[in-house]
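Given next are the chains, with one letter for each unit.
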Amino acid sequence: MDELRSLSQRALVSPVTFSLLFAFALAAAIVAITGGDPLAAGEEMFTGAVTGSGLRNTLGRAIPIIGMALAVSIAFRSGIINLGGEGQMVIGGLAGTIVAIYLPGPGFLIVPTAMVAGAVVGALWAMLPAYGQTKLRLPILITSLLLNYVARAITGYLVRFPLSDVSVTLATTRQVPETARMPKMPIFGGVSLSLILVILLVVLLWLVYTRTVVGYETQMAGFNMRSARYGGIDVEQRTVQVMVVGGAIGGLIGTHLIIGEALRFIDGELVLSGFAWTGLLVALLAVNRPIPIFVTGLFFSGLQIGGLAMQRNAGVSWRLSQVLQAVVIVAVACRLAIRRSDRPTAEAGETEAAGLGEV
Amino acid sequence: MTLELELRGITKRYPGVLANDAVDLAVRPAQIHAIVGENGAGKTTLMSLLYGLFPPDEGEIFIRGEPVRFSSALDAIAAGLGMVHQSFKLFPTLSVADNVVFRHEPTRRGLIDRAASAARVRDLADRYGLAVDPEAAVEDLAVGVLQRVEILKALYRDAQVLILDEPTAVLTPQERDQLFEVIRRLRDAGRTILFITHKLGEVMAISDRVTVLRNGRAVAHLVTAETNPAEITLHMTGRAVDLDRRAPEHDPDQLVLEVSNLTVRGGHGRPVVEDASFGVRSGEIVGIAGVAGNGQSELIEALCGLRETDAGSVTLSGRDISDADVAERRAAGLAYIPEDRYGVGTTRQASVSENLLMGHQRQPRIQQKGWFDREAVVGLTRRLVEVFGIKVGSVSGPVSNLSGGNLQKVVVAREMEHGTALLIAEQPTRGLDIGAIEFVHSQLIAYRDQGGAVLMVSAELSEILALSTRILVMFEGRIVASLDPRRVAEPEIGLYMTGAHTEAAVA
Ligand SMILES: Nc1ncnc2c1ncn2[C@@H]1O[C@H](COP(=O)(O)OP(=O)(O)OP(=O)(O)O)[C@@H](O)[C@H]1O
Ligand SMILES: [Mg+2]
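Here the protein sequences come in this chain order: A and B.
Here the first sequence is numbered in the working numbering, starting from 16 and rising by one per residue.
Here the second sequence is numbered in the working numbering, starting from 156 and rising by one per residue.
Okay, chain A solo, but in the shape it has when bound (with noise of 0.2 Å):
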């Protein structure tokens, strides 16, 4: 009972709330200046985004929402800034789409081989920046968004020529053929089943992090790598482990975008879908956490699912879904800057900036 009241008061004060409830607000100032109803538009997204097919398009652009969300916070725990999301995913989705395409055999067969083949390439693709700053000391931060490029002009290149479907005028790959794809479950109108594959990394994540010495061992490195190295923590070694898990975990999502969705791995596509970098943000959002990214990624998903139906039948852009997005994003930021500066340790701006840490 007192933790079911400290917890709603936690809700209540948490920068998250009050976030959200600034960003409707303004959003919906903006459609009533802009000559719109507020309460229609808000019904009409919201009932685009969970009821009949727009419930399951929620649910599928979740997934590679929280999956990328995932794959990069491991990395963002340990302290290392990976940016390399989105070229694990493209070089690791066109991985699995070759596996799908070329390989013959029934399909219950093709699709988890596919799937680890996806993830496997991107676990190797993300080796490159990680060994670059264990052995090279080449910064991670640079290397995997580099890299990004990189792949590509890789994947440019393959599904331009050598894997190139002649029959259309689009640098695209071959269709997947059908026992290839990725099933359906027979659930909100016909999901992926990579959806319990996401819940599934969620749960063991979390598993992982509250119950595990890797856990512990990746979140101390990432709070102090001195503190770290000096308890025995092998800080190179763990660098590795969580790119290679990230980059794995990125070459499922694409993997799963192409033989689940797309079914063609078109030049360029998975870059647009811009799937990594709102991955990125909710990683951020949730502070890295696996339970708050499922959370996020469900509502940032709502969101955009939503807003298309609202400008359907409430005649109110999509682009407002985005300035919503966006105004979340910063309010949770500047909240959470306020309450870092607010701590008691902090002297008027001159501290935490300035910290030549504590000599």
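Take the hints with a grain of salt, since some may be wrong.
Taking beta-carbon pairs under 7 Å as the criterion, some of the chain B residues facing chain A (in silico) [said to hold, decoys possible]: (1) Met359; (2) Ile361; (3) Ser477; (4) Arg485; (5) Gly498; (6) Gln504; (7) Gly514; (8) Gln516; (9) Gln518.
The set of hints was computed from the structure by calculation and includes no laboratory data.
As the structure is a computational prediction, the values presented were derived from the model and not from experiment.
Using N, Cα and C, we set each Cβ at its ideal position, and we do this for glycine too.
Fit chain B with the ligands to the known structure of chain A by using the hints.
Chain B with the ligands only, in chain A's frame:
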């Protein structure tokens, strides 16, 4: 006579802790006023309240008779207060002058006038005898100099009252004497100094008055000239404490740590440890004495696997660990209390129990196949908190809530718990109150008596003399002497420490 500063009935509560309990404090102008008390007695909290870092729950503050209510440190600075924290707060990449004039930069035609700021800082430094180069980058400076920069910062903002929180804890004896010179000069120039320390010798040497805090309450206000260390101790702890105990004789046994011809180079390629050879046997405490910065820290880091070595070998319990990483060395039987408890010894963002777990996380009784045994983790935490008397509101709260001394206890407790063949203790009692020092000393002795080998580095010669079975002296990266504490006096060690005496190193 009006008081410079008066606190009346100051109370501050934290969840589960009454940090300050109706504290009264009266400080006269142009005096050095010492504040003493055990770890967690509430000294830092009281000073932070005074300095406007957070408001008291109850009570009033008067400055020169006027009631004041600060909403931030900026108000306190404007009212003429200056504070030098237990941990410094400077911009490492900027110059000394830039740091000092920060937010009050002299300008010329709207631009910062760097020449003027350097000149002003030099002026101020000369006036109070604070030797610093205004142009030096802060990141290159030694701890003692950093502190002078902090003091300059306060003086530049024209602080009439200067609050120093354990300023001597990180200083060498020489630096401490210089600091005392500066403090006396400031007092003679009419400024008031509030001075927190755990060392009663310092209280007697420099203060005019003393206030003793105990469990958050001001239990005594004394005039230094009319009291003595025994009386102050009694007020602090409620019992008498005897620190001046020499370690009883004990026969050292087999060799646990053997270091041969170890050389370590610094960033600039110059050796910072040169050809060091020595051993530590089970059942002995070897103390390394030396002026800070003569290679002690580098030697210890190299032994623990945190720094690359250039030549030489290290053997632990018969195993060559020269190329082992930290985890392997720890597994081979080494525990380490590092001198930097904030940056290395603990992780500020983590909880007390997560910090107590560090280094134990892979032990079979704590985890099975990588999964924590949660009861074992809780048990470990609870035991360490209890045995070492760590004052903590909640073990799942952030470790940054702990007082400086209690943080040190976290590190000491955690490392001693390993019960390894070798314990390396670097400045093990820095920042601890005398009761806690006595406790840590007795723990080190017990460790030794149970057959442990202890290698201790300390800036406190008295600590080295009181505990060591053997004393090594380091000077400019070399071990210049191996001495028997029973046959050597402090002044002689001092001669070795400054390089005035040399002797072939003895293993
Ligand atoms: N932010 C906080 N939250 C909760 N408890 C706190 C916080 N800050 C301090 N405390 C508690 O208040 C008490 C007094 O702490 P304080 O830092 O004032 O001690 P101190 O006298 O300076 O000790 P030391 O000599 O060890 O530095 C301690 O028990 C400490 O754990
Ligand atoms: Mg303190």
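Status of the hints after comparison with the structure:
Evaluation of the methionine 359(B) hint against chain A yields a violated restraint, the C-beta minimum of about 27 Å exceeding 7 Å. Restraint check, isoleucine 361(B) versus chain A: the minimum CB separation of about 23 Å is more than 7 Å; hint violated. For the restraint placing serine 477(B) at the interface with chain A, the shortest Cβ-Cβ distance is roughly 17 Å, beyond the 7 Å limit, so the hint is violated. Hint on arginine 485(B) holds. Least Cβ distance to chain A is approximately 5 Å, under the 7 Å limit.
Evaluation of the glycine 498(B) hint against chain A yields a held restraint, the C-beta minimum of about 5 Å falling below 7 Å. The interface hint given for glutamine 504(B) is met, as the beta carbon of that residue sits about 4 Å from the closest beta carbon of chain A, less than 7 Å. For glycine 514(B), the interface hint holds, the least distance from its beta-carbon to any beta-carbon of chain A being 4 Å, beneath 7 Å. The interface hint given for glutamine 516(B) is met, as the beta carbon of that residue sits about 5 Å from the closest beta carbon of chain A, less than 7 Å.
Of the supplied interface hints, the one on glutamine 518(B) is violated, with its beta-carbon coming no nearer than about 10 Å to a beta-carbon of chain A, more than 7 Å.
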